[in-house]
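S.K.: Listed here are the chains, written in short residue letters.
There are 2 protein chains.
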Amino acid sequence: MKKYHVAILGATGAVGRAMLASLEERQFPVGQLTLLASPRSAGTTLVFAGKEYPVEAVTPEAFAGVDIALFSPGASVSREYAPAAVSHGAIVIDNSSAFRMDPDIPLVVPEVNPHAVHRHHGIIANPNCSTIQMVVALKPIHDAARIRRVVVSTYQSVSGAGNKAMVELKEQTAAQLSGQDTTPRYFPHPIAFNAIPHIDVFLENGYTKEEMKMVYETHKIMEDDQIAVSPTAVRIPVLIGHSESINVETESHLSPDEARKLWEHAPGVVIVDDPSSNLYPLAIHAAHQDQVLIGRVRQDPTVPNGLNFWIVADNLRKGAATNTVQIAELLVKEGLV
Amino acid sequence: MKKYHVAILGATGAVGRAMLASLEERQFPVGQLTLLASPRSAGTTLVFAGKEYPVEAVTPEAFAGVDIALFSPGASVSREYAPAAVSHGAIVIDNSSAFRMDPDIPLVVPEVNPHAVHRHHGIIANPNCSTIQMVVALKPIHDAARIRRVVVSTYQSVSGAGNKAMVELKEQTAAQLSGQDTTPRYFPHPIAFNAIPHIDVFLENGYTKEEMKMVYETHKIMEDDQIAVSPTAVRIPVLIGHSESINVETESHLSPDEARKLWEHAPGVVIVDDPSSNLYPLAIHAAHQDQVLIGRVRQDPTVPNGLNFWIVADNLRKGAATNTVQIAELLVKEGLV
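Order-wise, the sequence lines are chains A and B.
Position 15 of the first sequence, counted from 1, bears residue number 15 in this note's numbering, the numbering being contiguous throughout.
Throughout, this note's numbering is defined as the position within the second sequence, counted from one, plus 1000.
If you are wondering where the hints come from, they were derived from the structure by calculation, not from laboratory data.
Just so it is clear, CB atoms sit at the ideal spot from N, CA and C, and this is done for glycine as well.
Warning: the hint list may mix true and false statements.
To be verified - Computed cross-link-like contacts, DSS-like style, restricted to lysine-lysine with a CA-CA straight-line distance of at most 25 Å: (1) 1333/B x 1002/B; (2) 1051/B x 170/A; (3) 1164/B x 170/A; (4) 1051/B x 1002/B; (5) 333/A x 2/A; (6) 209/A x 261/A; (7) 51/A x 3/A; (8) 164/A x 1003/B; (9) 1209/B x 1003/B.
What the hints assert, rightly or not - Have a look at the derived ranges for each label pair, beta carbon to beta carbon: (10) 1267/B x 253/A: 38 to 46 Å; (11) 334/A x 1225/B: 36 to 44 Å; (12) 1088/B x 185/A: 54 to 62 Å; (13) 25/A x 1251/B: 48 to 56 Å; (14) 163/A x 1029/B: 53 to 61 Å.
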């Protein structure tokens, strides 16, 4: 079996580490492995398949000989190094927002639009975490009943903002429990025992960039800009796992049972929906696994064809790292690398 | 000025204590004060206006001479003692779910349907916390533009489940931070660093009782059962303060500016809506105050006439205690007591 030279840029970050774990767990055919980070984060070592690898400072030349480069730095670093990686012959799968809305660059969720990888010119973009888990759940519903409108409110964990945000939540919570005040550093307000309706920056229309990503990226991935999406993105004091309360209106009618049947046969989802046994998706259960949990499925009687449901996924895995590795698997399967 | 003999049943609970604080802060004309609780909770003392009062075990006779009885026990205790209190001549303002949907008993939010107090026959019901803050925000919008449909997702604090639930969140969080496991007692799952889409019991239609309260109570308080409400109620690790992500569709068009103008002149609300300065309603700011904070107001472009907004209120105060005291004030003002 052919093996590939894989690089990870941003290897020491929360998503970078999850990429490494995902490559190992999913037994991606890694031949050579190059771990890269900013000069500030370089110098440490990380373990892959029982072996220690040094994390090197990123340079354009570091991508020489690389087949697949998984990127998870900030958008500006992605913009700086993706062309260099591509010019060295690597295919870049980028988890930043840098290229997502570029019409020439595919934005891929393997369960939803796997065919889009074929049009790549060296870079494939990985969608935003909140969008990935939503479109995985929406796709079978859309195919069967055509979605007209989605009203979504998110309950997002702090790990979406990185390792340091997780440390902030833990330290701030401990401080508050012992009656001390702390000054927030990574969030605009204290996140301990609070809910903050503000993720990423505010735009002219009053929505945040995080919210508008859920609109635009959904259109691009679902290849249908007629799906109306009305989003509210909120950060809550959870470490890992984004939850979403989703209301959909469809063109044709779907009962909760019909929707569950569609999801039972859909890739990437697990139905957790037995309220009588207190079973529904929970962030603490979604953490550290790769699938989108769906539950609390019920008819919305306020519209002719409506459903309410609740989905949860690990934002570092399916919302980021796992999806990039799944794209890499797709490239291998389709003979594109 | 006339003073009243006020009793509080359930005085030692989270809401009972907030009732006591609210009576004092709002300078309700309390003459005599009787504090009552279950035999288990009786025996302690509580302070009102600098003076200690004993908490006595409730008996039917304890209501002799009482003008106004604020009730915040469980629904079964309310059902047991409200008739006794009324037969002794007291007006009962009951915060349990026991009488809310009884067509002969007014369900009152003073900012929304103050006139309803006139039809009381001894008992006035106080609505559910999530509903109170929502209808306070919806009322001016409905009056101006007629609300057709509401999709609401809640972010509810643990204090809605009482003092012991607050202790559970704190102890469980501390345990988790030091790597220990704990067994949940008051919630069906761990609430620390989690979001639980399950409040009160599940009904046949897949919704929880908490969710259906938001439908039925909204109809009764707004006196309009044509308002379609599609709710999802979720518990999150916040101590005090319920947040709600609200999407409304109206018959006539309202811009965010027009909505803000309506709220500026509406009772019981404060607009906190300056995203460029990171100002929006937060649970940690709403706690310990009486008003409903409204922000993140923005047009929903996915329907002809739609708005998204975010509201937060102290569930123990406006969501419970303050609203009962406001009803008592209304009784005094209208000469009904």
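S.K.: Now tell me if each hint is right for this structure.
M.R.: Hints versus structure:
no., hint, in the structure
1, 1333/B x 1002/B, "holds, 11 Å"
2, 1051/B x 170/A, "violated, 40 Å"
3, 1164/B x 170/A, "holds, 23 Å"
4, 1051/B x 1002/B, "holds, 20 Å"
5, 333/A x 2/A, "holds, 11 Å"
6, 209/A x 261/A, "violated, 34 Å"
7, 51/A x 3/A, "holds, 17 Å"
8, 164/A x 1003/B, "violated, 57 Å"
9, 1209/B x 1003/B, "violated, 38 Å"
10, 1267/B x 253/A: 38 to 46 Å, "holds, 42 Å"
11, 334/A x 1225/B: 36 to 44 Å, "violated, 55 Å"
12, 1088/B x 185/A: 54 to 62 Å, "holds, 58 Å"
13, 25/A x 1251/B: 48 to 56 Å, "holds, 53 Å"
14, 163/A x 1029/B: 53 to 61 Å, "holds, 56 Å"
Consistency note: the structure conflicts with the earlier hints numbered 2, 6, 8, 9, 11.
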